[in-house]
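These are the residues of each chain, in order.
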Amino acid sequence: MSMHIGTGIHAADATAGDASVDRTSIYVYEAPLRVWHWVNALTLTVLAVTGYLIASPLPSVPGEASESFVMGTVRFIHFAAGYVLAVGWLGRIYWAFVGNHHARQLFTFPFWRRSYWRGVIWEANWYAFRRAEPKKYVGHNPLAQFVMFWVFMLGMVFMIATGFALYAEGEGTDSLLYALFGWVFAVFPNSQSVHTWHHLGMWALVIYSMTHIYAVVREDILSRQSMISTMISGERMFKDNRDD
Amino acid sequence: MASRTETFYDVMRRQGISRRSFLKFCGLTSAALGLGPAWAPKVAEALETQPRIPVIWLHGLECTCCTESFIRSAHPLVKDVVLSMISLDYDDTIMAAAGHQAEAILDEVRETHRGEYILAVEGNPPLKDGGVYCLPGGRPFKDTLTTMAADAKAVIAWGSCASWGCVQAAHPNPTQATPVHEVVTGTPVIKVPGCPPIAEVMTGVLSYMVTFGTLPELDRHGRPKMFYSQRIHDKCYRRPHFDAGQFVERWDDEGARKGYCLYKMGCKGPTTYNACSTVRWNDGVSFPIQSGHGCLGCSEKDFWDKGPFYERLTTLDPLFVEADADTVGGTAALVAGGAIAAHAGVSIARRTAQRRNGNGTGNGTGTGTGKGQGPGHSDTGDSATRG
Ligand code: HEM
Ligand code: HEM
Ligand code: SF4
Ligand code: SF4
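Keeping their order, the protein sequence lines are chains A and B. The first sequence maps to residues 1 to 244 in the UniProt record's numbering. The second sequence maps to residues 1 to 387 in the UniProt record's numbering.
Possibly wrong hints are sitting among the right ones.
Stated by the list, open to error - Restraint ranges, calculated between C-beta atoms of paired labels, are given here:
id, chain 1, residue 1, chain 2, residue 2, range
1, B, E322, A, W117, 29 to 39 Å
2, B, R356, A, N125, 40 to 50 Å
3, B, K42, A, T108, 57 to 67 Å
4, A, A31, B, I348, 32 to 42 Å
5, A, W117, B, K225, 47 to 57 Å
6, B, R250, A, T108, 46 to 56 Å
7, B, V321, A, I221, 33 to 43 Å
8, B, A349, A, A19, 27 to 37 Å
Just so you know, the hints here were simulated from the structure itself, not pulled from any lab data. On a predicted model such as this, the values are computed, not experimentally measured, just so you know. Virtual Cβ for every residue (Gly too), placed ideally from N, Cα, C.
Generate coordinates for the entire structure from the input sequences, incorporating the hints supplied.
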């Protein structure tokens, strides 16, 4: 690895005191994936807030019923965001087929690969403060992949299926949506249970998001690679050039 | 007993129902079924020409509320006619025959009308211990039910007991009370849930089946679409208050007096498929929500285990956790938040400690956490030390 000082850096305001090192950077997350990530994060937030308000509505408004549409608006925002989330999800699945191989990681789980599980244990030890440093990964680290697959990916499928099943009830039992999602009521014949589990799914995703954001920020500071900027520019920058 | 060629019309006439009343009944029936006036002559023709189908009405583990509802069918004419249709055969609560004479009717109908009669079932069979928890006529109900169902044209599961299990199947279901469709195989089962079902719904379904000799169109759970395709909430007259966001917050508040939506008081209308908000009860006089009380969801599966009745959020059925999604999820989120905060605290403490004794001596020694510091660090980086 070479080191450049002062004039070796081709910047207008470089001084002799400035130094830079060579670092590797890999383009991992392509633009559609990044756009999806942030649209998804936004809609999920909107869905969690409006969903909570559907279950525990705001205090009653006074006046004529025809003058207000508070609950109706909250529900409308929820359904609109639900559609955006679902369409985005379809786009994300499409991208898993046509995008680079990192676009597929969210949907695959190397259950039978020993080295994968060793990686999970390694990362878990890093989080338990029993390792001085984590390994470097171009894609997700094994522990992250575990949570992404089992909590986020399956959680999304569950929320979209139950959400559209509930929505289909409003559309009517002979609607197209009901034909597509009515099977949810074969699993939970009483719609009340679908509400309850859709609601619990929200908490699962809330906890996922809390952990995810914490882990991303922490890794960005403590790990050997970039995190947050990776989901903005797509570039994964490694902070050292040592082999693992 | 009934000869094979006897029609329903013959029976009604024999029971003293006039032709005029008969035609009126046909009009009412087609209206109740939502078929429109043009169908009245077709109903009449069917009843005049089709051979009468016997209806057998069995009672298992139940409270007889379905029968109570049924015999109060709002229109007296409907009641008379429909009762004359069925009481002739077998209904151990309201028929004239008793004892062995009554039980013999079952075998006789099964022999003479194999594959033609309709089996209406009120209540359900408890399966535990060989079915000894329900022994009408000294015989386990599950045996009577399966034998009679095997040769029936169709089975009507009256009420929530027969349809879903109802209160006797509530957790932990000590007698293993089991809904009819899980015991009867090979014969179509029509569910008419409710605790009890609305009288007009019951007579409507029965009239449809005996009149047309076919099953009404059913939904995915086997309920007749004409009465169970919409939720209470879809046709509730308080719905505008729901959409506006005007709720009863306490039983004695202003909203309760103004007839606001009962959602926050635990109304299960949004998840309950039944005809209460359209057909209503007692000759269309009222229904629970109109009387200021939320729907309990009585026609839905396991409604008794999806409590509390007076809370919007219900328990995590079928896990039988006595807590709702917000309690469980919120607690988990708090624990996760606490864990994250603690983890962050330890991470920061460790890093500060490492910085303090690591920075001056260089960090190529293997602790390795000094890399990649934020902006402003140009001098270290283990890449430099190692490279
Ligand atoms: C993944 C993100 C989602 C979250 C966090 C979420 C959250 C919630 C919550 C907490 C509720 C209240 C449940 C209750 O009754 O206790 C709810 C209700 C509902 N959600 Fe979602 N939801 C999500 C996705 C969706 C999607 C994709 C749809 C599809 C359009 C959808 C449609 C509905 C419907 C129809 C209801 C019932 C509304 C009502 O009963 O008035 N949700 N959601
Ligand atoms: C509701 C909020 C969020 C959700 C549901 C979410 C979800 C996800 C998912 C599913 C991925 C995997 C992408 C894939 O492989 O397709 C991911 C990656 C990522 N997210 Fe989020 N995210 C959220 C918020 C955030 C926020 C606020 C940040 C930044 C502060 C962030 C930063 C990242 C980064 C950096 C990655 C890439 C991880 C890596 O480099 O391996 N996310 N996120
Ligand atoms: S009272 Fe019940 S059924 Fe009527 S609008 Fe409110 S929640 Fe829906
Ligand atoms: S309003 Fe609800 S609880 Fe009451 S009878 Fe109708 S379905 Fe049953």
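Results for each hint:
At roughly 37 Å, the beta carbons of E322 (chain B) and W117 (chain A) sit within the given window of 29 to 39 Å. The given range of 40 to 50 Å is broken by R356 (chain B) and N125 (chain A), whose C-beta atoms sit roughly 24 Å from each other. One distance hint, 57 to 67 Å for the beta-carbon pair K42 (chain B) and T108 (chain A), holds here, with the actual separation near 60 Å. A31 (chain A) and I348 (chain B) have their C-beta atoms about 34 Å apart, which keeps the hinted 32 to 42 Å range intact.
About 51 Å separates the C-beta atoms of W117 (chain A) and K225 (chain B), a value consistent with the hinted range of 47 to 57 Å. Checked against the given bound of 46 to 56 Å, the beta carbons of R250 (chain B) and T108 (chain A), roughly 52 Å apart, stay inside it. The supplied range of 33 to 43 Å is met by V321 (chain B) and I221 (chain A), whose beta-carbon atoms lie about 38 Å from each other. Checking the proposed 27 to 37 Å range against A349 (chain B) and A19 (chain A) shows it holds: the Cβ atoms sit about 30 Å from each other.
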